[in-house]
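One rule links them: number in my numbering = place in the sequence shown (from 1) + 14.
In case anyone wonders, no lab produced these hints; they're calculated from the structure.
Just to be clear, a hint being listed does not mean it is correct.
[Stated by the list, open to error] Straight-line distance between alpha carbons at most 30 Å, and here's what the computed BS3-like set of lysine-lysine pairs gives:
hint	residue 1	residue 2
1	Lys134	Lys270
2	Lys264	Lys243
3	Lys243	Lys230
4	Lys249	Lys264
5	Lys200	Lys256
6	Lys243	Lys214
7	Lys264	Lys214
8	Lys230	Lys80
9	Lys134	Lys264
10	Lys256	Lys243
Only a predicted model underlies this, so the values are computations on that prediction, with no experimental measurement involved.
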Amino acid sequence: MKRMAHIAVLLLATACGDAAQRAAEDALHEGAPPYREGRYEDAAAIYGAATHDPRVAYNLGNTFIKQHLPDTALRAYAQAIERGTNDADDAMSWYNMGNGWATLAHDADSMVDRGEELLKGMRIEGDDIAMKLRSIVARDSIQQDLQRLEHLLDSALAQSADAYKNTLRRTPADEDARYNLALVQKHIAMRVKEAAEKAKNQQKDKDQELSERALKLMQQADELVDQYKFTEALKLLQDGLKTDPSLKQKQEYMNKLDVVTKAAQAK
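Make a model of the complete structure from these sequences and hints.
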């Protein structure tokens with residue numbers, strides 16, 4: 015993503031204006047040196063005392079971006095927009111909000127990739143029942159985390175695109191915003207295409223799934239599980255698999271039952 019500006023200030027006499035105005039001018043003046051020197055935590059502490067001023071809130075957001083805290087920066091930019099008084103300043107905040115959301119999307123995308131690679135490498139095998147149980151719980155937890163990350167990724171991309179559009183509404187000649195918007199929209203389009211392919215593949219799997227008899231066996235097994243009769247549920251499905259190959263689709267479910275059954279027997 016391109017560019018991020020920091021609001022600079024001239025040396026102004028702070029004797030003029032009310033206390034709030036003086037506090038804002040002081041923050042802008044005092045926060046600039048540590049920001050330029052890369053002491054972003056120090057700058058944030060100074061700016062944080064006067065966020066009633068949109069210029070200060072904007073600069074505070076920039077310090078958080080520099081500290082790799084995009085989610086915190088977004089709140090500061092939102093304050094700057096809420097309290098802003100002109101399109102030019104609002105456009106700067108909207109632009110950096112677009113960058114912040116794009117950063118969150120990139121981070122979520124990277125975590126999804128790492129999580130999927132981790133899942134591929136997980137194996138539930140061996141004779142240690144306790145280890146198998148931990149592996150199942152860990153895998154299920156990772157899968158749930160991946161679902162949340164996928165939702166965050168899509169939401170962050172949409173928010174980023176909206177922020178760049180708001181920038182362009184205020185400053186139509188901003189080519190950096192236009193370029194960044196195109197990148198985000200390309201990513202959104204790619205994810206839509208991937209989702210369509212995934213849905214298509216899932217439909218193919220569904221078309222080849224369980225027979226009517228297998229569905230009934232699964233219903234009976236679920237009822238047994240609800241009664242904590244894991245051994246009976248497992249035997250029912252294993253016997254059914256001998257005569258109905260479609261139950262192979264539920265092999266993972268049977269593996270879980272097998273682990274739970276052996277764990278119960280071990281106790």
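Taking the hints in turn, this is what the structure says about them:
{"no.": "1", "hint": "Lys134 to Lys270", "verdict": "holds (17 Å)"}
{"no.": "2", "hint": "Lys264 to Lys243", "verdict": "holds (18 Å)"}
{"no.": "3", "hint": "Lys243 to Lys230", "verdict": "holds (17 Å)"}
{"no.": "4", "hint": "Lys249 to Lys264", "verdict": "holds (13 Å)"}
{"no.": "5", "hint": "Lys200 to Lys256", "verdict": "violated (49 Å)"}
{"no.": "6", "hint": "Lys243 to Lys214", "verdict": "violated (36 Å)"}
{"no.": "7", "hint": "Lys264 to Lys214", "verdict": "holds (20 Å)"}
{"no.": "8", "hint": "Lys230 to Lys80", "verdict": "violated (58 Å)"}
{"no.": "9", "hint": "Lys134 to Lys264", "verdict": "holds (18 Å)"}
{"no.": "10", "hint": "Lys256 to Lys243", "verdict": "holds (21 Å)"}
Comparing the model with each numbered hint stated earlier shows that hints 5, 6, 8 do not hold.
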